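Add chain B to chain A, keeping to what the hints say.
In order, the protein sequence lines correspond to chains A and B.
For reference, each letter of the first sequence is one residue, going 1 to 398 in the working numbering.
For reference, each letter of the second sequence is one residue, going 1 to 398 in the working numbering.
Among these hints, one or two may not hold up.
PhoX-like cross-link-like pairs, simulated, lysine-lysine; straight-line CA separation at most 25 Å [said to hold, decoys possible]: (1) K250/B / K213/B; (2) K28/A / K74/B; (3) K47/B / K74/B; (4) K18/A / K250/B; (5) K75/A / K47/A; (6) K82/A / K295/A; (7) K3/B / K186/A; (8) K250/B / K3/A; (9) K18/B / K3/A; (10) K3/B / K136/A; (11) K18/B / K250/A; (12) K158/A / K3/B; (13) K136/B / K3/A; (14) K295/B / K47/B; (15) K365/B / K18/B; (16) K3/B / K250/A; (17) K252/B / K18/A; (18) K252/B / K186/B; (19) K47/B / K47/A; (20) K194/A / K250/A.
For each label pair, taking beta carbons as the anchor points, the in silico distance ranges come out as [what the hints assert, rightly or not]: (21) E155/B / H195/A: 47 to 55 Å; (22) A25/B / K252/A: 18 to 26 Å; (23) A13/B / I193/A: 26 to 34 Å; (24) E224/A / A183/B: 57 to 65 Å; (25) E340/B / A292/A: 53 to 61 Å; (26) A292/A / V376/B: 53 to 61 Å.
Here chain A is said to cover these stretches of chain B; the calculated rule only asks that three of the stretch's residues, wherever they fall, bring their Cβ under 8 Å from a Cβ of chain A [to be verified]: (27) 4 to 13; (28) 85 to 99; (29) 110 to 118.
Quick caveat, the hints were computed from the structure, so don't treat them as lab data.
These numbers come from a predicted model, not from an experiment.
Positions of the beta carbon are idealized from the N, C-alpha and C atoms, including for glycine.
Number of protein chains: 2
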Amino acid sequence: MLKISHRGEMMPASPIRKLVPFAEAAKKKGINVFHLNIGQPDIETPKSCLDAVRNADFNVLEYSHSAGNESYRKKLVQYYAKNNIHVDASEIIVTTGGSEAILFGFMACLDAGDEVIIPEPFYANYNGFAVQAGVKVVPISSKIETGFDLPKMEEIEKAITSKTKAIVICNPNNPTGYLYSEAEMKILEAIVIKHNLFLFADEAYREFCYEAKHTSAMHLNGAENNVILMDTISKRYSACGGRIGAFVTKNKEVLNAAMKFAQARLSPPYYAQLLGEAAVDLPDDYFDITKAEYKLRRDTIVERLNKIPGVFCPNPGGAFYAMARLPIDDCDVFCQWLLESFSYNNATIMLAPATGFYATAGLGKNEVRLAYVLNVESIHQAIDCLEKALEVYPGRVS
Amino acid sequence: MLKISHRGEMMPASPIRKLVPFAEAAKKKGINVFHLNIGQPDIETPKSCLDAVRNADFNVLEYSHSAGNESYRKKLVQYYAKNNIHVDASEIIVTTGGSEAILFGFMACLDAGDEVIIPEPFYANYNGFAVQAGVKVVPISSKIETGFDLPKMEEIEKAITSKTKAIVICNPNNPTGYLYSEAEMKILEAIVIKHNLFLFADEAYREFCYEAKHTSAMHLNGAENNVILMDTISKRYSACGGRIGAFVTKNKEVLNAAMKFAQARLSPPYYAQLLGEAAVDLPDDYFDITKAEYKLRRDTIVERLNKIPGVFCPNPGGAFYAMARLPIDDCDVFCQWLLESFSYNNATIMLAPATGFYATAGLGKNEVRLAYVLNVESIHQAIDCLEKALEVYPGRVS
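Extracted from the complex, chain A is given alone in its bound form:
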């Protein structure tokens, strides 16, 4: 019998996208769906960035260098320097989105059977890359009650076995919005040095920190050899479709290995490298403006959520996600019910069930993730829907 691979069977389907057919059915019925389920910002891609592609002047769309165009990597050096991250262009591999940076990291550093520790809830696609690399994800639980802060050092160390090769963090975090403090980053530094682990740092949302300063894993000068930065322009400049990211490390051995994976796929996409290059020259207030908008949305959504009886939403320090605990029996059932059986003012809300972000079965059943990627007015309307829905949802618990 012709059979797909075990890996293909094990590969998790996207926990977010499984609700899409229900949203499509709702729209066919004429219901307006507020999409707070996915990290697709509505913020416009900067015009100068789009123009860089529109004005591209060449006659042959050639492969770029496997590590990305040199001119773009040199620009990225400037970008990182502004963030107090000092790297050389040779320490950067331009990747096809942050996704490929994660895949390269897993492939270059981890073997089948190795273990990687990730604070849960975590970005669900880490599971997918782990399956591709044959790696086992070992979750350590962060909790909504404490705002999803980093588990204590001894709890992290308890999870370390002889097979542990790396810790993955996303900072600020998707899905929780939690911003790791400098002290927490120092704890991670101490652990990875003590136990000889890699620290994979996904910093896709670096610019979106609303109160405290961002501490990059690249600022941990004692762990230079351990740290691999996995980056992307997707959220930073609302350029998700460009598929441009970066793999950055001071570890030459890792860099050389990752470069071989980069060569095998020939090159990253050309066009969006032009966009990314232009983005580095955006005026300094670009992020101030964008951040102010996201902060306003965060303040709005968190305040509204916490006013709903039975709802608890810790205030996220960064990114554009909030996790909320709801008075419900089952978030998967609830999110589907919202699309299938509910509307208010001819509208409903699409949320991401939190179960998809936890590796430990049973956790997150009464939590959802809300991406505040809509304007404040839409957020108010969306939360109006959620509020009404919670009043009538048959699976409401007290």
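Same frame as chain A, but now just chain B:
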């Protein structure tokens, strides 16, 4: 000790790109290097395709669907129909280059330890994807003496073990330019059906067949469930930098598995999908003109090569590559020597040593691959260089 993965160590470096530093050094000395080493066509990307990107009108560069924009997949249905390949838009996943289509195929169908049979010499990056998937490549040798035709059925069957899960072909072939005949495709069909194997068909060069007609693996109606087409717009429209390919299969189980890998990386690049969509509307004579140009180059390079004493070059039926046997001791040494120690009329030639395309150690030592991606005048000048070089190369053998 912090160590990279075994997989990272095993990963082969690009056999073509390792010569790049020597080419750069030659250029610094003011020597003109004729690049016949890499499949980067000089043919212009069609203006209407570049314009489709230049005229793109949107304000947010959003993720596309994980399977690619629906409008593009519908266009691809038309494109394939013109090639007598009848698929539905739902049977196509738009990928990041042909590279990702290969990776998805390996990941979705093969497990670590599985074996995949590939006629050698073969596209070197198959090795890289095999390492990523933990798969063992089992080569079956095709020979320059017979123009690299498909090994006999019994030889292929001899290579099949209980671990064999698939056969990979590239048709027309990179690096040999060989075009598999309909009879050979029928042999492959019989084998994959008899032994329950997948047939991965890389048809990147489908349009470039100079005498005989192309038989697609998708034309093998009895093997619909076995065949996975791995495609790309890179060579077809000289759009290598766009990084747009396609994974196409009638096998629903494989399609569903591949879709999960596609979801994990979110989406293919947006911009070049616009380019690919416009390409389907190119006038019908587009390929006639391009093919005529490549045929002229092929005729030129093959004729010139076979006139050089001691050189043998079978006439390739497709793609834009020719393999030549040279009167040399070691193609790796020779190709480096060409860049380091030789010039004629202040020029030299960069070739791909054939050893990188063979999995069996020791094979291909006196062969090189020539990509005829330069115009006829440059090809003449390049072969002038090669002719002179062979006269003085210290490692010449008779």
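Hints versus structure:
no. : hint                        : in the structure
1   : K250/B / K213/B             : 23 Å, holds
2   : K28/A / K74/B               : 21 Å, holds
3   : K47/B / K74/B               : 22 Å, holds
4   : K18/A / K250/B              : 22 Å, holds
5   : K75/A / K47/A               : 18 Å, holds
6   : K82/A / K295/A              : 22 Å, holds
7   : K3/B / K186/A               : 22 Å, holds
8   : K250/B / K3/A               : 14 Å, holds
9   : K18/B / K3/A                : 38 Å, violated
10  : K3/B / K136/A               : 18 Å, holds
11  : K18/B / K250/A              : 22 Å, holds
12  : K158/A / K3/B               : 22 Å, holds
13  : K136/B / K3/A               : 18 Å, holds
14  : K295/B / K47/B              : 22 Å, holds
15  : K365/B / K18/B              : 17 Å, holds
16  : K3/B / K250/A               : 14 Å, holds
17  : K252/B / K18/A              : 17 Å, holds
18  : K252/B / K186/B             : 23 Å, holds
19  : K47/B / K47/A               : 23 Å, holds
20  : K194/A / K250/A             : 19 Å, holds
21  : E155/B / H195/A: 47 to 55 Å : 51 Å, holds
22  : A25/B / K252/A: 18 to 26 Å  : 22 Å, holds
23  : A13/B / I193/A: 26 to 34 Å  : 30 Å, holds
24  : E224/A / A183/B: 57 to 65 Å : 59 Å, holds
25  : E340/B / A292/A: 53 to 61 Å : 58 Å, holds
26  : A292/A / V376/B: 53 to 61 Å : 60 Å, holds
27  : 4 to 13                     : holds (count 9)
28  : 85 to 99                    : holds (count 3)
29  : 110 to 118                  : holds (count 4)
When each numbered hint is compared with the structure, a violation occurs for hint 9 only.
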